[in-house]
Amino acid sequence: MTAVEIVQVGKSYGDVVALDSVDLTLDTGEFVAVLGPSGCGKTTLLRCIAGFERIDHGRITLGGRVVTLPGVHMPPHRRHVTVVPQDGALFPHLSVADNVGYGLGRGRGKTARVEECLELVGLGGLGARMPHELSGGQQQRVAVARALAPHPPLVLLDEPFSALDASLRTGLREDVRRALAEDGATALLVTHDQGEALSMAHRVAVMRDGRIHQFDTPAEVYRHPVDSWVAQFVGEAMLLPLEGPAGHAERMSRLGVVRLRPDLVDLAGGPTALVRPEQVRIVRAGTLAPGHAVPGRVAQIAYHGHDALITVDVPGSQTAMVRVIDDPVTAVEPGDDVRLWVEGDCTAYPAEAVAAESGATPLPVVG
Amino acid sequence: MLTAGALAATAVALIPLVYLLLRTVQAGLPAWWDRVTTPRVAELTMTSILLGVVVSVGCLVVGVGSAYLVTRTNVPGRGLFAVVAALPLAVPSYVAAFTWVSVADLWSSTARFEGFWPAALVLTLYTYPYVYLPVAAALVGADQAQEEVARSLGRGPWSTLFTVTLPQVRPAVAGGSLLAVLYVLADFGAVSILRVDTFTRAIFTAFTAGFDRIGALTLSTLLLLLTLVILTLESRTRRSGARYSSRGTSRPVQPADLGVWRWAGLAGLLAVAAAALGVPALSMVRWVGAGVSRPDSVADVAAAAAGSLSVSLAGTVVTMLLAVPVGLLAARHSSRLSAALERAAYVAHSLPGIVVGLSLVFFGVTVALPLYQTTWLLALAYATLFLPLGVAAVIGAAGQAPPSLEEVGQSLGRNRWEVFRTITLPLTMPGVGAGAALVFLACMKELPATLLLRPTGLDTLATELWQATGVQRYAEAAPYAFLLVVLAALPTWVLARRTGVVGAPRLERRPEVLDLVTEDPGDNRVLTGAGTGGEQ
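Chains as they are written, first to last, in our numbering: chain A, 1 to 367; chain B, 1 to 536.
Because the hints were derived from the structure by calculation, they are not lab data. Accuracy of the hints is not assured; some may be wrong.
Covered, in the sense of this in silico footprint (three residues per stretch, anywhere, with C-beta under 8 Å from a C-beta of chain A), are these stretches of chain B [what the hints assert, rightly or not]: (1) 395-408; (2) 421-432.
Which chain A residues stay away from chain B? Per the calculated CB distances, all over 12 Å, these [unchecked claim]: (3) Glu-5; (4) Asp-56; (5) Arg-79; (6) Arg-203; (7) Asp-209; (8) Phe-215; (9) Ala-246; (10) Ala-249; (11) Met-252; (12) Arg-281; (13) Ala-299; (14) Ser-317; (15) Val-332; (16) Glu-333; (17) Asp-336; (18) Asp-345.
Glycine included, each C-beta is placed from N, C-alpha and C at the ideal position.
I would like the entire structure built from these sequences, with the hints used as guidance.
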């Protein structure tokens, strides 16, 4: 069942277009992440859904009720959409239990629901504490419990983990995801953190300049980005120009043969393939390798422990990036001669589309 | 709605300024120029500026020195001196002048304690906290890492002090000393008691003794111009200060070891404290007993206290009514207009009380006659002078209830009024209340505007002290001085706490132990690499 329907929503501040015809639907119980760089309009979208901002175009429907149209604006307190802000925004003069119970009526079962929500976020029994007695991570958990308490049709999370230490973030993400799922809540998370969006959400909407570029499952977004910008925003990407006639799945690139996705076989006119560093295989020169493997020399290694990102100089090209799972047996050193090849089906984009996107990319591109 | 209120409030606060300029322009600028370019005015200008310069140099030496000693060295008793060094601010300048004059005969029975240098001494001793407090706060907040970097690059302690530490607090030093100059220019009580002819004293004499309205007005406009020049300079130091704001996390400062010299530092701090606080204490001890046992003294003091209470209460009400819209606008809507309005409120604050009082006298006589000789015109003067205190309190209070809290409240299904009642009001009331208390105490201490505007027959603590001192009845003045010092000590304490120099906990430490229980960082730290790796 559709819980939230956002149809062609537009919003401008003076000449600045914050939202440019955004479409998004959430099913009941679904967890959707809106992922985009800062300034892409994702927070504006959240504020429009919550009712803190009015929209210029389109409409927003919550559980079948239209809550906003241009000129029609249901105030925030009647939408029953709750928010978890970046800093938690706990009411400093109220105890943890009173914070969580703020959105509940005076009826029976209030105490039980408060305790239930605190249990959900792993803070059972801490209701009597004051917010300043809690750590940053605990405060954020209370903010989540407070948002869940009134059984809202939608919970909005506005970069709720970005102010926390990296060491706390991973555990808290998992706990919050679980708490939302156990309570059956529909949730929309706004974030600029690719790892957060891909690991937490059922579906990810990638946003840029007020538009949703792609709305799909995390795996689809990572493996088959709709354009080269999305490809580079959600992970490290190499964009390789391809040669060879249309109609052939296997084309030549500077990293040897690249096989296209079956539905892209007919792409003509020198398209550009997306190759992730994980797709590149590397062996020492002289070891058994496919015939189309290309030679190279290891330039540097960024070692992360569990894996490593190896930069390889390839003659006739610039560099190639290869991600390998850490393996002491076959480990290479800078200066080693190696051979590389690409495995798996690749997504590709028409050359002119990539040209239009280039220049806006901060990430390394091979070409 | 809010903007309209703020505009109205600022307009009210600027009445004296506008009225003064209007009158000057009406009388004609050539005539004004003729009256300004006389030897007498030149002499007044020279004296005022010279006094300002001498006092600010004195404040720099005493203020920066004390600040450095108590925040960055191992001088004995630095925790105690951090508080003591701020205390002279609690003594209003006219009370200070009274206490010095009233004990001067103990040293020399012939020479009177008056004139330029005694005034410079007294003003320095009671103005240097304007330099001390901001500089000490800046030294506490300054990024230690910069000094550590300088040391690691081979600079010695002295070289680091002069090339890194002091430049870091330069905006605070410049701002503080300009504040001191502003204070000296606006001071009326001390210079009148110590008989130095500066602008403020000349304006008062011209108006009350000579009934020379035009002369008083001319001098007022000149003083106003001088004040505006200093204010412009001060706002520049404020702007340039922004880039020095430290972003680093502050760690406890490692104090420099002065060795034997720490006893010299102690002697310096003791000397300043003895002069600034010992002399008033001596005067109180000497005169309060005699003053209280004087016939009718208790009834007189009670009447003056009642007078002070009533005018201060009216002043506080008017000030806070005006401060709320300006403060809310400045806190919630950071636009150019709100910044300008806030700035305008501060300009009014820097106007000398004597100028505000005088222009409101003329305003009352010519425009608002029903208000003249009522408490409300005096309350208006207080509002003009102390609006920034109220505005600052409202801005601070509004910061306690950021809009995000109200948004969360609304998203949880409560309407605007309920959110205001349950969230905004409980969070802002303490701040607004504290601001009102500060304004109230400032009204109690105010002297020049009160002298000019009080309804006939109404006496306050400040006016009684001034009158008794004027005729050298020190015993009669002493109880008022005592009460005023006690009253003024309260806001000084608040101010000193706010800068973080005095014992107050600077950073609220969150109990980290709790983290260990629920967040289990031990396990997560292993995963950190994975998390950051994926984030690029």
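Against the structure, the hints come out as follows:
1. Closer than 8 Å: that is the beta-carbon criterion, and the region 395-408 of chain B has 6 residues meeting it against chain A, so the requirement of 3 holds.
2. Under the rule that three or more residues need a Cβ within less than 8 Å of chain A, the assignment of the region 421-432 of chain B holds, with 4 such residues.
3. Every Cβ of chain B is farther than 12 Å from the Cβ of Glu-5/A; the closest lies at roughly 19 Å, confirming the non-interface assignment.
4. Listed as outside the interface, Asp-56/A is consistent with that label: its C-beta sits roughly 20 Å from the nearest C-beta of chain B, beyond the 12 Å cut-off.
5. In this structure Arg-79/A is not separated from chain B by more than 12 Å, as the shortest Cβ-Cβ distance comes to only about 7 Å.
6. Residue placement check: Arg-203/A keeps its beta carbon more than 12 Å from all beta carbons of chain B (closest about 18 Å).
7. Chain B leaves Asp-209/A outside its interface by the beta-carbon criterion, the shortest separation being 20 Å against a cut-off of 12 Å.
8. Distance check for Phe-215/A against chain B: the nearest CB is about 21 Å away, which clears 12 Å, and the non-interface claim stands.
9. Under the 12 Å C-beta cut-off, the non-interface status given to Ala-246/A relative to chain B holds; the minimum distance is some 34 Å.
10. At roughly 30 Å, the least C-beta separation between Ala-249/A and chain B is larger than 12 Å, which holds for a residue marked as non-interface.
11. With a minimum CB-CB distance of about 29 Å to chain B, Met-252/A clears the 12 Å threshold, and the non-interface call stands.
12. No beta-carbon of chain B comes within 12 Å of the beta-carbon of Arg-281/A; the shortest separation is about 20 Å.
13. No beta-carbon of chain B comes within 12 Å of the beta-carbon of Ala-299/A; the shortest separation is about 19 Å.
14. No beta-carbon of chain B is positioned within 12 Å of the beta-carbon of Ser-317/A; the least distance is around 22 Å.
15. Listed as a non-interface residue, Val-332/A keeps its Cβ farther than 12 Å from every Cβ of chain B; the least gap is roughly 19 Å.
16. Under the 12 Å C-beta cut-off, the non-interface status given to Glu-333/A relative to chain B holds; the minimum distance is some 21 Å.
17. Against the 12 Å criterion, Asp-336/A stays outside the reach of chain B, whose nearest CB is about 23 Å from its own CB.
18. The claim that Asp-345/A lies off the interface holds: its Cβ sits roughly 22 Å from the closest Cβ of chain B, which is beyond the 12 Å cut-off.
Of the numbered hints stated above, the single one contradicted by the structure is hint 5.
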